[in-house]
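Those sequence lines, one after another, are chains A, B and C. Okay, so the first sequence: first residue is 97 according to our numbering, each after it adds one. Okay, so the second sequence: first residue is 485 according to our numbering, each after it adds one. Okay, so the third sequence: first residue is 41 according to our numbering, each after it adds one.
Bear in mind the hints are in silico, worked out from the structure with no lab data behind them. Every value quoted in this text rests on a predicted model; they were computed, and no experiment measured them. Heads up, the beta-carbon is just placed ideally off N, CA and C, and yes, glycines get one too. Treat the hints with caution; some may be incorrect.
[Stated by the list, open to error] Cβ pair distances, simulated, as ranges:
no., chain 1, residue 1, chain 2, residue 2, range
1, B, E515, A, V486, 41 to 49 angstroms
2, B, E542, A, V636, 57 to 65 angstroms
3, A, D244, B, E515, 34 to 42 angstroms
[Unchecked claim] Here are some chain A residues the structure puts well away from chain B; computed CB gaps all over 12 angstroms:
no., residue
4, T219
5, L229
6, A232
7, R438
8, L621
9, G639
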Amino acid sequence: MSDVNNATTALDAERAEKEYSGPMLAADGTPLKRSLNRALRRQKLRALLLIAPLLIFVLVTFIAPIADMLFRSVENEIVQDTLPRTTEALEQWSGEDGTTPDAPVYKALYQDIYIAQERKLHTRLGSRLNYELTGASSLFRKSGRGVDDIGEVYQDQFEDLNEFWKKGENWNEVLGSDAWLAQIKDWDKSAGTPQPAFEMRDGIADIFPQTAGYYMIFADFVQNEDEDNLYKEDPWPLIYSAFYDDLTGDTASVIASYSGPGATEIAEAAAAATGFETVDYKEAFTKIDKDWGASPIWGTIRAYSPRFTNGYFLNSIDMQKSADGAEFRPENERIYGTLFLRTLFMSVCITLSCILLGYPVAWILANLPARTANLLMILVLLPFWTSLLVRTSAWKVMLQQQGVVNDTLVWLGVVADDSRLALINNQTGTIIAMTHILLPFMILPLYSVMKTVPPSYLRAAKSLGATNWTAFWRVYFPQSVPGIGAGSILVFILSIGYYITPEIVGGTTGTFISNRIAYHISSSLNWGLAAALGAILLAVVLGLYYAYDKIVGIDNVKLGG
Amino acid sequence: MKFTTTLLASSAIVGAGTLAFADAHGNMAKEMTLVSWGGAYQSSQDKAYVQPYLEMNEGVTAVWDESSAEAVAKLRAMNEAGNITWDLVDVVAADAIRLCDEGLAMEIDADEMLAAAPDGTSASDDFGDLLVSDCFIPQIVYSTTFGYRTDMVGDTPPTKICDVFDLEAYPGKRALEKRPINNMEWALLCDGVAKDEVYDVLATPEGQEKALAKLDTIKDNVIWWSAGADTPQLLADGEVVMGSTYNGRLFSVIEEQKQPVAMLWDAQVFDLDGWIIPAGLSDERLARVKDFVKFATDTQRLADQSQYISYGPARLSSAPMVGKHADLGIEMAPHMPTDPANAENTFLYNYEFWADYRDDIDAKFQAWLAQ
Amino acid sequence: MADTSATNAFVEFERVQKSYDGENLVVKDLNLSMPKGEFLTMLGPSGSGKTTCLMMLAGFETATHGDIRLDGKSINNIPPHKRGIGMVFQNYALFPHMTVAENLAFPLEVRKIGKSEREKQVKIALDRVQMGDFGGRRPAQLSGGQQQRVALARALVFEPELVLMDEPLGALDKQLRETLQFEITHLAHELGITVVYVTHDQTEALTMSDRVAVFENGRIQQLAPPDLLYEEPENSFVAQFIGENNTLEGVVKEIKGGTCIVQLDGGGLIEAKPINVTKAGERTRVSIRPERVEFNKDRMAEGAHTLKAEVLEFVYMGDIFRTRLRVAGTDNFIIKTRNAPDQVRLKPGQQIEIGWLAEDCRALDA
């Protein structure tokens with residue numbers, strides 16, 4: 097009886113389902129799709145939580161450095177950050193060859209370099225610009241030393257006029273707010289309390305705009321970087337020149353009606369200032385170094401003043417910025433194009449020789465009984481357990497002209513003693529040593545792919561009438577191609593980025609682009625260029641990967657079963 | 485249980501010691517990370533002043549990091565990461581200048597921070613011109629010079645730098661450093677440029693071409709080295725007839741390994757090696773480093789170092805105190821690059837020039853190499 | 041058919057031995073000859089040497105001793121690809137990187153047959169196995185049964201006279217297996233090819249073959265047509281291995297005139313046909329097929345020996361009933377009865393008497 101009942105309910109349900117035309121519903125009436133999604137979402141979320149630590153690790157250690165590299169290859173904030181006034185003023189300059197900018201630019205340069213040398217930033221900028229213009233390094237170092245003299249012209253005149261201007265206290269009395277003055281006078285450094293931050297007197301910035309502006313910078317530097325007592329600190333020469341500018345500039349009339357602290361001294365100074373000896377900033381800089389009176393340095397500063405630059409990338413492809421845009425470097429300075437091509441060519445050679453040597457080894461391994469294969473596999477992996485440096489140095493001993501290989505060949509009479517083969521410090525050396533080092537990366541994927549090809553395929557081919565060679569070439573080989581693909585990608589990509597081995601055995605013709613990247617990272621400190629070269633290398637690898645995918649198909653790559 | 489008690493007791497003693505020490509010396513860090521080059525040079529530093537210092541200052545430890553070759557890049561990376569883990573770094577002068585320019589090294593006041601000579605001469609006078617950067621504390625003068633195989637040069641061994649460029653008289657391979665510095669100067673010198681005009685000529689594109697053209701005459705016979713150990717190995721294996729390297733390396737090939745190699749001091753290029761203090765150390769660590777550096781660079785300590793390695797002390801006042809090699813027992817003075825007999829014709833590494841021209845000439849040099 | 045003379049033999053094994061390790065013989069003294077057009081199955085448990093024999097015939101293993109002849113010529117030294125033998129493997133061994141049509145064209149290609157001729161033959165071969173529409177597919181896109189059809193077509197496309205099949209249906213489900221069994225035998229007879237078929241499935245062997253060679257321990261235990269093999273096993277291994285079988289152990293009491301009396305170890309006397317026993321006092325295993333056992337007195341022969349039995353288990357199997365009994369000390373005595381309207385369904389615990397004809401009961405080796 098109950099059987100019959102069940103049957104009817106099942107039939108009813110089926111009929112109901114047929115009549116219902118909307119979305120499929122779950123037992124509780126929610127659309128089936130939604131409740132499936134909900135169930136899956138919970139699962140996905142749990143799965144995501146499980147892998148989250150790993151995901152974050154991968155992002156931080158893998159993606160972040162690449163992003164950082166890409167950023168560095170275009171980043172160029174240092175020029176604008178160090179010379180903000182100069183780069184702004186320089187926009188007015190025509191940039192024509194043979195011309196130099198107008199006087200305001202030199203004045204801005206004085207102000208920028210003065211602040212920069214106090215903060216010890218000018219030499220850093222010099223190193224940066226030296227990558228683009230030889231001599232910039234010493235130019236900035238010299239200028240940093242010279243700017244003190246420029247400002248002192250005004251400082252001396254003010255101080256000669258009135259002793260009042262010699263003392264930092266007086267400047268603070270004029271410029272500081274009463275509240276701050278009260279605090280700073282009470283402040284005791286040894287008590288350990290922080291120094292009260294400088295506060296400008298109300299309205300003073302309208303009367304002495306430039307002086308106030310630079311004094312803020314000065315005060316910030318003294319209090320926060322030098323950590324000295326600002327109240328007692330005598331101002332920079334830069335302040336005096338700004339003060340002179342205020343006294344003789346647009347605000348002269350406002351200053352005449354000034355009645356705050358030091359009003360008498362200011363009135364006296366204002367009266368005298370018009371008769372002061374002035375500074376020709378352009379002349380002063382040209383005196384420091386004649387390069388400031390020529391257009392190249394200005395052209396370079398202007399070309400590299402934007403926050404982002406394509407200069408590093410241009411450099412990486414043997415080009416440079418010039419007045420009329422990008423142009424190729426002179427013949428005798430082009431190097432990266434050659435190196436990129438050489439790196440690709442030699443990586444291909446290394447990959448091919450790895451295939452040639454690795455294929456038979458992998459085949460033997462795959463066809464031996466497991467126990468023997470495992471033993472031989474240890475021999476294949478053995479090189480991994482010794483230091484890379486040791487292995488590479490061993491090749492040196494083997495391959496050099498008085499080395500083991502040449503000695504053997506001479507002993508066998510294959511080569512004459514006076515015409516020993518050059519097997520090292522050239523491309524041959526790099527290819528031999530790198531093939532040896534990267535061979536396991538070819539053998540392992542080949543082996544694991546060959547392991548999965550059943551011997552019955554070869555038997556089938558032979559039973560169908562194929563000779564040993566035909567059976568291998570038409571049946572076995574095509575099935576091992578995914579292993580060759582995987583091994584080749586591994587070997588190629590690894591070799592493209594190698595630099596230790598080429599550096600040791602490559603001489604001058606066997607070095608890779610990575611050697612230059614290493615040089616720019618650790619010796620020339622031109623990280624921007626290194627990053628640009630790295631970015632190009634990355635793009636090349638991705639491009640080749642894409643091409644491989646299009647031609648062979650990336651599904652056709654197997655690392656194992 | 486007994487073990488624990490002992491441990492506790494000893495830590496109490498150490499604790500007490502620390503307190504007493506801190507009172508006497510202000511707040512100084514107990515640990516220093518010193519960065520150097522490894523090998524014989526580092527061991528000479530260790531024997532001459534690090535171990536003596538640690539003996540004098542109980543409870544202080546020093547850790548070596550053999551990273552000087554990558555010091556500039558690593559310091560820059562540390563600075564960017566905001567975590568300086570080194571306390572004192574041994575670098576060549578050119579790197580010191582660079583680190584100073586980059587703001588990665590602390591500026592020092594020689595007279596305030598370094599010990600005066602025993603006769604009262606101030607530190608800045610005692611070091612003299614060798615204070616090539618505001619951040620640099622010189623230790624030694626070394627030179628890059630040539631060594632040659634005595635058994636491969638016939639009856640007339642080379643005596644002049646230009647013999648390096650003479651393939652007829654001295655056939656065979658030469659080892660030169662894979663960078664323009666020094667090689668360009670030697671090439672110009674042997675191309676007839678007067679010694680005092682070398683840098684003026686090298687500053688011009690024509691001069692650079694000229695130098696490369698001269699190098700081109702021996703290019704096929706050059707093995708380019710990039711590590712200081714390369715040339716000694718190449719000489720020892722008979723791969724090259726002659727090769728440039730640091731004089732201390734050649735000293736060990738000649739005197740310690742007794743290889744048939746001799747020095748060619750002509751036109752040796754002096755360079756300096758010394759300490760820099762990374763910028764941005766905490767007060768405690770800075771206090772410790774200052775205390776150590778003052779000791780480690782005094783007249784006696786620098787003289788002591790020359791017992792272990794054939795590099796000249798950077799202080800004038802140390803020179804008369806140079807004695808015998810600690811193990812070999814031979815007089816060290818004749819092996820010093822600064823010895824008058826060796827220093828008839830010398831160069832001093834032109835830091836200013838190379839700071840400016842390094843990037844430019846290096847690009848040309850590398851392009852030339854790659855041809 | 042059973043006694044093929046050496047003169048018209050197509051495939052011949054003569055005193056063939058095979059050892060892999062030099063210590064143990066995997067194949068011991070194998071002698072076999074089969075005429076052209078025969079469908080011979082090598083049947084046996086795994087490790088019995090049947091596959092090794094097949095591989096020696098195909099040329100993938102060499103005989104340690106003895107001679108293998110094909111069409112009168114010794115093929116010991118002929119490499120596999122020159123033997124012209126078609127082969128079908130258990131895992132199909134279709135080349136995964138080629139399409140079905142390319143797989144079939146392969147043997148023709150290596151035989152340097154022109155393209156148009158090749159295409160024609162490939163089409164014929166595919167149609168023959170009803171796979172004509174699948175020429176462009178890759179093996180991975182086919183089901184197991186389809187793959188095996190293709191493999192079969194590939195083995196036949198170059199018209200070999202001898203085709204070897206190494207457990208070709210082992211990986212398929214039961215229904216598909218039965219269909220293909222039929223198709224393979226049908227094709228073999230239609231094309232007149234000689235087939236050596238290896239399997240460990242006795243049903244397959246019985247249904248497909250002209251003759252079956254039962255392998256055990258490196259030897260052929262019996263070589264006979266399926267019906268003889270089932271009804272007249274020559275030793276207790278074959279009796280056990282082929283079909284379901286009841287065994288009773290005992291001692292021969294006396295032999296006379298084509299029958300013998302056996303005293304069972306579990307008590308009771310039975311009559312049997314002496315096969316491997318020659319004299320009284322020998323130990324023997326008596327073999328009786330479950331469907332030849334009768335418990336309905338009315339249907340038993342006159343004067344038949346009977347034994348007492350207790351019903352332990354009754355299983356309804358649709359077309360037949362399978363009943364497990366305790367007889368003469370063994371708990372594993374099976375009887376099968378046809379599901380007829382008047383058939384009795386035995387109940388566990390029931391006490392019955394069972395009997396059979398003496399000629400259905402064979403006294404074999406112990």
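Here is how each hint holds up against the structure:
Checked against the given bound of 41 to 49 angstroms, the beta carbons of E515 of chain B and V486 of chain A, roughly 32 angstroms apart, lie outside it. A C-beta distance of roughly 58 angstroms is found between E542 of chain B and V636 of chain A, which places it inside the suggested range of 57 to 65 angstroms. Judged by the Cβ atoms, the range 34 to 42 angstroms given for D244 of chain A and E515 of chain B holds: they are separated by roughly 40 angstroms. The beta carbon of T219 of chain A sits about 3 angstroms from the closest Cβ of chain B, which is not more than 12 angstroms, so the claim that it is off the interface is violated.
Non-interface call for L229 of chain A relative to chain B: violated, since the shortest CB-CB distance, roughly 9 angstroms, does not exceed 12 angstroms. Here A232 of chain A does not stay apart from chain B, with its beta-carbon only about 8 angstroms from theirs, under the 12 angstroms limit. A Cβ of chain B approaches the Cβ of R438 of chain A within 12 angstroms, the least distance being about 8 angstroms, so the stated non-interface status is violated. Distance check for L621 of chain A against chain B: the nearest CB is about 6 angstroms away, which does not clear 12 angstroms, and the non-interface claim fails.
Consistency note on G639 of chain A: stated as away from chain B, and its beta-carbon is indeed over 12 angstroms from all of that chain's, at 23 angstroms minimum.
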